[in-house]
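Visitor: Residue numbers (the working numbering), protein chains in the order written: chain A, 1 to 155; chain B, 156 to 608.
Simulated from the structure, these hints should not be mistaken for lab results. Each hint should be verified, as a subset may be incorrect.
[Unchecked claim] Straight-line Cα separation of at most 16 Å, EDC-like style, residue types lysine to aspartate or glutamate; simulated pairs:
id, chain 1, residue 1, chain 2, residue 2
1, B, Lys-558, A, Asp-74
2, A, Lys-102, B, Glu-202
3, A, Lys-48, B, Glu-202
4, B, Lys-566, B, Glu-552
[Claimed, not checked] Across the chosen pairs, the derived CB separations fall in these ranges:
id, chain 1, residue 1, chain 2, residue 2, range
5, B, Ala-563, A, Asn-132, 30 to 38 Å
6, B, Ile-281, A, Trp-138, 41 to 49 Å
7, A, Ile-15, B, Val-305, 13 to 21 Å
8, B, Leu-288, A, Asn-12, 40 to 48 Å
9, B, Leu-260, A, Asn-132, 45 to 53 Å
10, B, Val-538, A, Ile-15, 37 to 45 Å
11, A, Tyr-26, B, Ala-570, 26 to 34 Å
12, B, Ala-570, A, Gly-85, 41 to 49 Å
Even glycine gets a Cβ: it sits at the ideal position worked out from N, Cα and C.
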Amino acid sequence: MNFKKYENKHRNRVIISVLVFTFIIYNYFVYSSGTENHAPKLTEEAIKGQDLWQENNCWTCHQLYGLGGYLGPDLTNIISHPNKGENYIKGFINSGVKSMPKYNFTETEKDQIIAFLRAVDQTGYFPNYKANLQPNGWVELNYKSADSISHPSNK
Amino acid sequence: MMYKAAQFSKNKFSLQFILLSLFALILGNLFGVLAGFQYIIPDFLKELLPFTKMRPFHDSSVTSWIVLAATGSIYFVLSNVEDLTIFSPKLTKIHFYLFLIIGILIFISIGTGYMGGREYVAFMPILIVPILLGWILFGYNYFKTVLNRVKNWPVYYWMWGTGIVFMIFHLAEAHFWFSPYFRENFVRDLTVQWKSYGSFVGSWNQLVYGLSIYIMAKIKNDDSVGRGKLPFFFYFLGLTNLMFGWAHHTYIIPTQPWIRYVAYGISMTEWIILGYMIYSWKKSLSEEKKENNTLAYQFLMAADFWIFINLILALLISIPIINFFSHGTHITVAHSMGTTIGINTTILLSSLFYIASRIDSNFKDNIKQLLTGFYIFNGSLIVFFGALIAAGLKRSEWMYFSKNMPFAEMKINLANNYYVFLISGIVMFIGILMLTIPLFKVFLKAYKISAKA
């Protein structure tokens, strides 16, 4: 009986060790090649824009890639939207309409937020209208190709 | 009333954790209801408490409820039911006051607008340092309490231990964005952020599910519920989900496809695990034991129902083609509300009713009011859940099939859903109050007596 208990304890430790080891390897790949993409790195300006996005809790109402709150629209591709884009955002951002708080962003801050949203736009699409929906239930995403991404320094 | 106060004087801090958790639950519900009003009346409290503050208040409060109730319950059962001597009551005290101060600082951070964090962790990012320290203290105290003192650990001891360890890792992971390596690559940053969220929910699930198995074993008075090959098989399956099953939140982010293959493969079998165990346990439980633990039992049965409902939803949204249409809609909210309220809260209330019945043997005198609260809570949650699913279907239809309809028009179309969502939320709050106020009174009285002892 004691031997059996020892075996169980040993077995549990072996399984935990195997799982943790696999987890470390898995994380390594998630943090590296698994999340590589064509989009350029966020510039200093875009990172400042992301700081503003966080400090003002824009995510409570808006989403990026469908992640965030649902009170406002998703902004993943707002920059490249044919009827919206930078001027629309600049005009809207301090308006305080409906549930949106009345912000007082300076022109520099507006540019920083736009730089962040432009960087997000360059990473891909949401909704991903051109995804390939397969009969077996799998979805092949439509990735933004390197050619279709303009470098932020050109903007 | 018969209080076994002296018996519970060993670790009064467990009662403080529980009292604080109940306060957080009530507060979280209140903020949730107020946020619901803002969906219908956009100007409601806009100047005083805009949605950009209301939601972080709500998120932080309900997250605190889950974490504090689980922590308090674990401390309580270790010291008062298992009769183990907590390695360091002083560390428990430090842990409690640390979390209390952090809670106050989080509220100050949100209230004054000095935030800078991200979804679910909106507070000033520097606060993650003392939060991690609190978890490390908890882990150290836990392992020093049970290692070498308990032989042949039942599964719930493993679950609590791994829950604490993985909570520390994934809370830290949620802040990897401090490093430019993650931050400069938006796809990596967003993926890791949501990886950490999926996994730290998995980590607190280890704490909460461990409690549910513990209560089952105690109600049934059968230690085998937490031992043997089957509970451990399910435990390891749950742990595998915690580690590798998070990516259904990020199917749509343009990562490499293998991340989605792994997530799809592993899927969300965790729900099957607990559902199966509760089902097996219920079958073999005598009527007398059910009667003596009516509320703890009722809540575990309700958790079984919610596991079943959420299992169906979780499995569906783990299928990529369904996830494609449901992601970014209220269906995701239904999934998270269904699990945090339907499963986590229900199990934690079961745990608190179990503890309350041990503290006060006459607690079941309130049974009519408590059962009314129980039915109001669960009935309103069904309506609430249904309203979110219906809103999600409408939003998905707008996203993919009515692209030319302006966002504002789509929101007007959702108005009826929001009304149902708000009303059911208010009714749920009433049900929660009917359950938590009597619990709060029992724990407060026990705390006062134990503090004097």
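Visitor: The structure should be examined with respect to each hint, and the outcome stated for every one.
Guide: Evaluation of the provided hints:
no. : hint                                : verdict
1   : B:Lys-558 <-> A:Asp-74              : holds, 13 Å
2   : A:Lys-102 <-> B:Glu-202             : holds, 9 Å
3   : A:Lys-48 <-> B:Glu-202              : violated, 26 Å
4   : B:Lys-566 <-> B:Glu-552             : holds, 12 Å
5   : B:Ala-563 <-> A:Asn-132: 30 to 38 Å : holds, 32 Å
6   : B:Ile-281 <-> A:Trp-138: 41 to 49 Å : holds, 42 Å
7   : A:Ile-15 <-> B:Val-305: 13 to 21 Å  : holds, 19 Å
8   : B:Leu-288 <-> A:Asn-12: 40 to 48 Å  : violated, 29 Å
9   : B:Leu-260 <-> A:Asn-132: 45 to 53 Å : holds, 48 Å
10  : B:Val-538 <-> A:Ile-15: 37 to 45 Å  : holds, 42 Å
11  : A:Tyr-26 <-> B:Ala-570: 26 to 34 Å  : violated, 44 Å
12  : B:Ala-570 <-> A:Gly-85: 41 to 49 Å  : violated, 29 Å
In summary, the numbered hints that this structure violates are 3, 8, 11 and 12.
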